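Listed below, chain by chain, are the residues.
2 protein chains.
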Amino acid sequence: MIRINKEVLDYITKLYCAKNHQGIEILDIMSGQHIIEQQSNVYDVYIVKSGLAKCYLTEDTGKDFIQEFFGEGEVFGEVEMFNDELSFCTIEAINQMEVFRIKRNHFTQLVETDSKLNKLILKTLAQKIRYTALRHSYHQSHPIRVNLLRLQKQFPNFIDVIAKRDIANYLGITERSLNRNLKTLNESKNNRSIN
Amino acid sequence: MIRINKEVLDYITKLYCAKNHQGIEILDIMSGQHIIEQQSNVYDVYIVKSGLAKCYLTEDTGKDFIQEFFGEGEVFGEVEMFNDELSFCTIEAINQMEVFRIKRNHFTQLVETDSKLNKLILKTLAQKIRYTALRHSYHQSHPIRVNLLRLQKQFPNFIDVIAKRDIANYLGITERSLNRNLKTLNESKNNRSIN
DNA sequence: TTCATAAAAGGACATTTGTCCCAGCATCAA
DNA sequence: TTGATGCTGGGACAAATGTCCTTTTATGAA
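Chains as they are written, first to last, in the working numbering: chain A, 27 to 221; chain B, 27 to 221.
Please keep in mind that the hints were generated in silico from the structure rather than gathered at the bench. One thing to keep in mind: the hints can contain errors.
Any copy will do: because identical chains look the same in the list, a pair fits if it lies in one copy or spans two.
[Said to hold, decoys possible] No more than 25 Å apart at the CA atoms, straight line, and that leaves these computed lysine to aspartate or glutamate pairs for DMTMM-like:
hint, residue 1, residue 2
1, K179, D86
2, K145, E33
3, K179, E85
4, K142, E118
5, K89, D36
6, K40, E138
7, K75, E63
8, K75, E98
9, K179, E111
10, K149, D110
11, K32, E111
12, K89, D140
13, K45, D192
14, K209, E111
15, K142, D110
16, K142, D186
17, K209, D140
18, K149, E33
19, K149, D186
20, K145, E118
21, K32, E138
Quantities reported herein were computed from a predicted structural model and do not represent experimental measurements.
Please build the complete structure, drawing on both the sequences and the hints.
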């Protein structure tokens, strides 16, 4: 649900300092701001320094589907770069953020010349494939209630950090359905503590 | 649904010939054979030369979730390699296949030294991220009927090539539900042709 | 404060999907 | 032939989810 990548964060931070900020800038992002817009060109690669963003696609039905929540060290914009296509998702800050920004050409050059970064990016992409596969499979194969319990176990306070609508869009369900399940979860929890 | 990657197929075929088969072998795979097994070590990277495989995860509930169908040029085993983890899915031939097999160490070395292959693999990984994101979003945001129409448009004969059970597992629904939707689709088609 | 707006919660009903089960049909071996 | 087995399609009912709508509770701006 909330992805972080400490390895990348450390490496980019090191690069940022070592090269005396050349080619890498830090941006402040307000909550609600769109860093990347669906169906538009992407000219830079970003790495989350602090704060939280949601990555979502808007369908022709008007429904939003949240792919992931990006925390520290998560990279975005790189998929569009390697594919050389328009962005397939929107990246929106859900609180105050700081991000590293690296221009496309500069990032390409870094990946070509810095073999450690090259490996790190290969690994990062592979991780993205792995965890989205695992998550989608789990969501499809388990009832909503079980998915909520799983989130609760992994991120005990997710319900406070992330808006209900976003949680519903992440699970691919309606808010109504989410509420129903949360209610029955709490009821069964209370019943257990009474008995 | 059925992924192919001509660019990779061409490049690997070229490598296979140029290096006089060194480090790359071709394997014959029978229908039904498991090339990679979930939760086990992966010692090689594979590229589909011909035939079709399904890539699926089996959940603790016993349900299978099909990630994708791999056709010519699709790469697998590389995600596990870059992550250095056990396989998260099973790759099973659904008809007679031929695959290229490259040993892990050799593939690592190729990716490090052959900058064209390096770029190709980066692109391949990025494509996997992109199309799975698009597909899952579409599936979650549209009713089954619309998803079937979409498959029908993209792969007119998918219903003949792929078993019903596999289609259901790909869409994350039961066979019963798949049948119902297929039936109403055909009925509305017949009604249109009558009027 | 007050008003406007958004977020959260849930009632009522329609629709969809899942579960369980059975019938029909083909295949194959005894 | 006969019986066993597996595959497919679909009926009937239960359960889950979506849709629509109302009420309440924050939240923020004027």
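Which of the listed hints are broken here? Of the numbered hints, 4, 5, 12, 13, 14, 16, 17, 19 and 20 do not hold.
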